[in-house]
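Protein chains in written order, with our numbering: chain A, 6 to 649; chain B, 102 to 313.
Calculated from the structure, these hints are not laboratory results.
Just so you know, nobody snuck in bad clues.
Taking CB as the label site, the calculated pair distances span:
#1 B:Arg169 with A:Phe308: 34 to 44 Å
#2 B:Glu113 with A:Leu335: 22 to 32 Å
#3 A:Phe308 with B:Ala201: 46 to 56 Å
#4 B:Asn312 with A:Asp304: 47 to 57 Å
Computed from a prediction, not measured in an experiment: that's the story for all the values here.
Positions of the beta carbon are idealized from the N, C-alpha and C atoms, including for glycine.
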Amino acid sequence: MTPEKNKNLDQMFTAIQEKAARHADSITEDPAPKIYIGMATCGLASGALETKKAFEEALSLRNIQARILQVGCMGHCYGEPLVTVHNPGFPPILYHQVTPGKATMLVKSFLEEGDPLFEYLLGAMEENDLIPQVWDFARFSQEKRVVTEICGFINPEEILDYIAMGGYSSLAETLRLEPHDIINQVKNSGLRGRGGAGFPTGKKWELAKDARGQEKTVILNADEGDPGAYMDRTILESNPHQVLEGIAICAYAVGARKAILYVRSEYPLAVKVVTRAIEQAKELGLLGKGILGTSFDLDISVFQGSGAFVCGEETALIQSIEGQRGMPQLRPPYPVQKGLWGNPTVINNVKTFASVPPILKHGEFWYRQIGTEGSTGTAIFSVVGDILHAGLVEIPMGVPLRTLIFDICGGIPNKRTFKAVQVGGPSGGCLPADFLDTPIDFDSLTEAGAMMGSGGMVVMDEDTCMVDVARYFLDFTQKESCGKCTFCRIGTRHLLNLLERITKGEGREGDLELLEDLSQDIRDGSLCGLGKTAPNPVLTSLKYFRDEYVAHVKEKRCPAGVCRALTAYYIDLEKCARGCDACVGSCPVEAIFTTKNRKKGIDQTLCVKCGECVTACPAEYDAVRKVSPPERAPIVERPADISD
Amino acid sequence: MAKILIDKKEIEAKEGANLLQVCLKNGFYIPNLCHLEGMDSPPASCRLCFVEIEEEDGPVTSCSVTVRAGLKVTTDTPPVRRLQRSALKLLLSAHDVDCARCPANKKCGLQTIARFLKVGLKPKQLEQLRKETEGMEDHPFLRYDPNRCVLCGRCLQVCHGKQGQPFLTFAKRGFDTVIASYGEKDLSNTTYQEFTACAQACPVAALGPKND
Ligand SMILES: Cc1cc2nc3c(=O)[nH]c(=O)nc-3n(C[C@H](O)[C@H](O)[C@H](O)COP(=O)(O)O)c2cc1C
Ligand code: SF4
Ligand code: FES
Numbered sequence: 006m007t008p009e010k011n012k013n014l015d016q017m018f019t020a021i022q023e024k025a026a027r028h029a030d031s032i033t034e035d036p037a038p039k040i041y042i043g044m045a046t047c048g049l050a051s052g053a054l055e056t057k058k059a060f061e062e063a064l065s066l067r068n069i070q071a072r073i074l075q076v077g078c079m080g081h082c083y084g085e086p087l088v089t090v091h092n093p094g095f096p097p098i099l100y101h102q103v104t105p106g107k108a109t110m111l112v113k114s115f116l117e118e119g120d121p122l123f124e125y126l127l128g129a130m131e132e133n134d135l136i137p138q139v140w141d142f143a144r145f146s147q148e149k150r151v152v153t154e155i156c157g158f159i160n161p162e163e164i165l166d167y168i169a170m171g172g173y174s175s176l177a178e179t180l181r182l183e184p185h186d187i188i189n190q191v192k193n194s195g196l197r198g199r200g201g202a203g204f205p206t207g208k209k210w211e212l213a214k215d216a217r218g219q220e221k222t223v224i225l226n227a228d229e230g231d232p233g234a235y236m237d238r239t240i241l242e243s244n245p246h247q248v249l250e251g252i253a254i255c256a257y258a259v260g261a262r263k264a265i266l267y268v269r270s271e272y273p274l275a276v277k278v279v280t281r282a283i284e285q286a287k288e289l290g291l292l293g294k295g296i297l298g299t300s301f302d303l304d305i306s307v308f309q310g311s312g313a314f315v316c317g318e319e320t321a322l323i324q325s326i327e328g329q330r331g332m333p334q335l336r337p338p339y340p341v342q343k344g345l346w347g348n349p350t351v352i353n354n355v356k357t358f359a360s361v362p363p364i365l366k367h368g369e370f371w372y373r374q375i376g377t378e379g380s381t382g383t384a385i386f387s388v389v390g391d392i393l394h395a396g397l398v399e400i401p402m403g404v405p406l407r408t409l410i411f412d413i414c415g416g417i418p419n420k421r422t423f424k425a426v427q428v429g430g431p432s433g434g435c436l437p438a439d440f441l442d443t444p445i446d447f448d449s450l451t452e453a454g455a456m457m458g459s460g461g462m463v464v465m466d467e468d469t470c471m472v473d474v475a476r477y478f479l480d481f482t483q484k485e486s487c488g489k490c491t492f493c494r495i496g497t498r499h500l501l502n503l504l505e506r507i508t509k510g511e512g513r514e515g516d517l518e519l520l521e522d523l524s525q526d527i528r529d530g531s532l533c534g535l536g537k538t539a540p541n542p543v544l545t546s547l548k549y550f551r552d553e554y555v556a557h558v559k560e561k562r563c564p565a566g567v568c569r570a571l572t573a574y575y576i577d578l579e580k581c582a583r584g585c586d587a588c589v590g591s592c593p594v595e596a597i598f599t600t601k602n603r604k605k606g607i608d609q610t611l612c613v614k615c616g617e618c619v620t621a622c623p624a625e626y627d628a629v630r631k632v633s634p635p636e637r638a639p640i641v642e643r644p645a646d647i648s649d
Numbered sequence: 102m103a104k105i106l107i108d109k110k111e112i113e114a115k116e117g118a119n120l121l122q123v124c125l126k127n128g129f130y131i132p133n134l135c136h137l138e139g140m141d142s143p144p145a146s147c148r149l150c151f152v153e154i155e156e157e158d159g160p161v162t163s164c165s166v167t168v169r170a171g172l173k174v175t176t177d178t179p180p181v182r183r184l185q186r187s188a189l190k191l192l193l194s195a196h197d198v199d200c201a202r203c204p205a206n207k208k209c210g211l212q213t214i215a216r217f218l219k220v221g222l223k224p225k226q227l228e229q230l231r232k233e234t235e236g237m238e239d240h241p242f243l244r245y246d247p248n249r250c251v252l253c254g255r256c257l258q259v260c261h262g263k264q265g266q267p268f269l270t271f272a273k274r275g276f277d278t279v280i281a282s283y284g285e286k287d288l289s290n291t292t293y294q295e296f297t298a299c300a301q302a303c304p305v306a307a308l309g310p311k312n313d
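Using the sequences and the accompanying hints, generate a full structural model.
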C-alpha cells in the first residue's frame, strides 16, 4: 500500500478514535451516578428487564439523576442479574442477583443515603479501602481474559464503546500490512481453531489465500448446538465488534470480499446485536465498501441457521447456506479448497475470530506466553451442572480441571462430592476424579478420552448415574444425526436402545460388550465428526464407570438411585411421626396410606417415583428413603379398609 | 496411466480415477451401495466400500479415493471386514428381510453383499428396528417402503441427473430419515416414465411402481 493511501487511512481512523474518545469522556465526565445492567440473554432470562424498570421507577420517584447503561455479560451467570453501580465518591461496585426489590433498595440506600448495602454486593471493581475487590476472588484473579476482556463492560450496541477501548485498531494496522504478514503473525501466535478440532488457524488462512478461486468467502460459525454451551452466543451479544474485526482481518488476509455470519435462529438477540453492529461499522467506514479509505471492500451479511446441531459441521453448514438440507459432505475437498458455491472458503468459530484482534494488537509473542506450548492462548468454557458458580470462564490453556472446577467455579454445592465432568459436549467424554489433574488443552483432553469441543463443560456430583448420562447424550446425537451414513443413523439408535434398556433394568448378558463393539465401529466407520465422536460418552463412561453399568445389568441396581425403574421409595417407620400427614397430599397418585399405628406406608404398586414425598416430609423427621434395587424397600402392609 | 497395487497385484489405471470403480473393473469386488459410476462427488454414505491404503491410518472408503501412482491397496484386511460386516448388520437390522415376497429377490444389493461377507440375513446380536413412518402414500406412481430403504441415495442421484429439479429428497433426521417427495411439488402432470429411473436405481426395491 502506498504511503499516500496510509495517510488517508490514518486520518480517517484517527478521526473515528477521537469521536469515540469524546463519547467515552461524555460518560466518564458526567457527574451523575451510573448503573450498568447486564442485558445479554442470561441476564434477561434472570429478569434484567424488570430490574432495569425498577431502577427507572425508583430513580424517577426519588427524583435522582442517574444514568442507566446497558452492557453485555461478564460470564458470572450464577449471579445474574448483575449490576455495577458507580456512585461518585465510591469505587464502582458489582452487585449480584439484583432483583427489582434490591434495585429499589439500592437507589434509596446507596444513591440517596450513601450506604452501599454490603449484604448485597459481590465486590468493588477498583482498588479502595472500603470494600473488598472482586479481583481478589479466584473467579476473577485466575481467569485470563483475552476474548471476553471487555464483555460486560461495554454496551454491545454502541460501536464507539468498543473503539474507545482500543477496538478496530488491529484492523487499521492490518490494512497497512501485506496479507502474508498477517497470516504469519497468526501462524506464529500458535492460535488453533476454537470450534472443536483445534486446526491451526494461520495455516487454514494460508491455504485459503493460496487457493485458486474467484469469490473467496469467510464464514463465521455461530451455530453452537451443544446442549448447555453458550459461549459463542454470549460473545456475540456482549462484544460483537471484536468478532467482526477478526472476520475483516481474515478476509483481508485471505483475499475474500464476502463474509457470512452463520448464526442459529434460536439466538434472536445475538442476531439483532450483530446486525446492528454491522450497520454501525459500515456507517463509520470500518466494514463495507472502501474500508477506512482503502480499496478493501467487505460485503458482510447474517445468515440465520435452522438450528440443527449437525449444521455446525462445516460442510453441512455450507450446504445449509446453499439452500440444501444440511448434510455433511465428504472431505477432502476441504472448504478452503472448495467451499461455498465451489469457492475457497474459510470457516472459523466465534472465539477463533475474536482471538485475532488481541493477537495483532499485543503481538504473537504475548499470545504465545499464555497457555501451553501446543495450545496457546485461552480456553473459554461454559461450566454448568452441579457447580456453585456456573457461567462463562476464560482461563489460560493448561490450567488443570481441578483448579477450574474447585477454585474458579467454587466446587460442588450442597455438600456433595464430585463424580465426573463431561468435557466437549455430546462429542466429549466423561472424566472421573482421577483425571482432575488433567491440564485443559487440546491434546491432554483428547488423550484422556474427552475433547476440547467447542467449550461445553458439565460437572456432575455423586447423585448422577453415568449410564443415564450416556443415554442422555446419545438421545441427543441420535436425534441430531443427519441420517446420511449407516453407522451414525442406525448405530447410534442401537446404542440408545441398549442404554435405555439397561437403565430400565432390562440389560442382558453381553450388552456391555455389544455397546463397546458398536461404539468402536461407529467411531471408526462414520462419515463425519458427529458420528465419529458420538460414542465418546459411552466409551468413556464404560471405561471409567464400568461397575455402574455392571450393577445395572447384573444386579438391576442403579448405584446413584437415578434410574426410576431400578429404585423405590419407602418410609422409615422408626422416623415417621405418628399422626403426621405431611406427605399424603403431595403424592400425585395416592400411593401413601396410613398404617395401623398411624404411621405412613407407600403402596409400591401405585408409586410413580416422583420423589414429591421426600420434599414434603418435614426435615425433623426425614423419613422417606430411596433404595435400589427396589426389592430392598421393606414391605409395609396396607391395612384393610376399615376406617371408611 | 498410473501403476497401483491392489491386493499385491499390479494394475494400470488412470490417474485421478475413482478407486472403487477401478477395483470393480479389475475384478476386485468391494461391497458398495451408494456409489454410481461417473458421479463427481460421491456421497460416501453407505460405509461399505472400505479398503486399506498403505501409509494411511485404518480403513478408508474406496469410493472417496482417487488413483495416484504408487497407491498400495488391500481389500480384505480384518479391520476392513469388521467395519463392512458391522455396517451390513446395521443395515439389515433396519431392513424388512422378507425376500420371498420382495421384487428385488435374487437381484438385491443386500443379498449380494451378505453372501460376499458371509453374514446371515438375520443377524442375531442386534435387535430389529423399524420406522413408524409410512412413505409417500399420496404419490401418484411410486410406492416406497421405509423399512426396506437403505438410504443409499441412488434414487436422488439419478433424479437430480435426469430432471434437473429433484422430485425426491431426504426428509426427517436421525434414524427416522426417509426418502420423500420434494416439497409440495404438484405431481399431477408428471408420468411414471419420469420416475422409472429412480425406481430402477434402487438396489433393494424399496422404491417401485405403485402396483408392484
Ligand atoms: C457435528 C459437528 C458440529 C459442529 N458444531 C460446531 C459449532 O457449533 N460451532 C463451531 O464453531 N464449530 C462446529 N463444528 C466444527 C466445524 O466443523 C469446524 O471445524 C469449525 O467451525 C472450524 O472453525 P475453527 O477452525 O475456528 O475451530 C462442528 C463439527 C461437527 C462434526
Ligand atoms: S429408496 Fe432405494 S435407492 Fe432410494 S435411498 Fe432408499 S434404498 Fe436407496
Ligand atoms: S460406496 Fe463408498 S461409502 Fe457407499
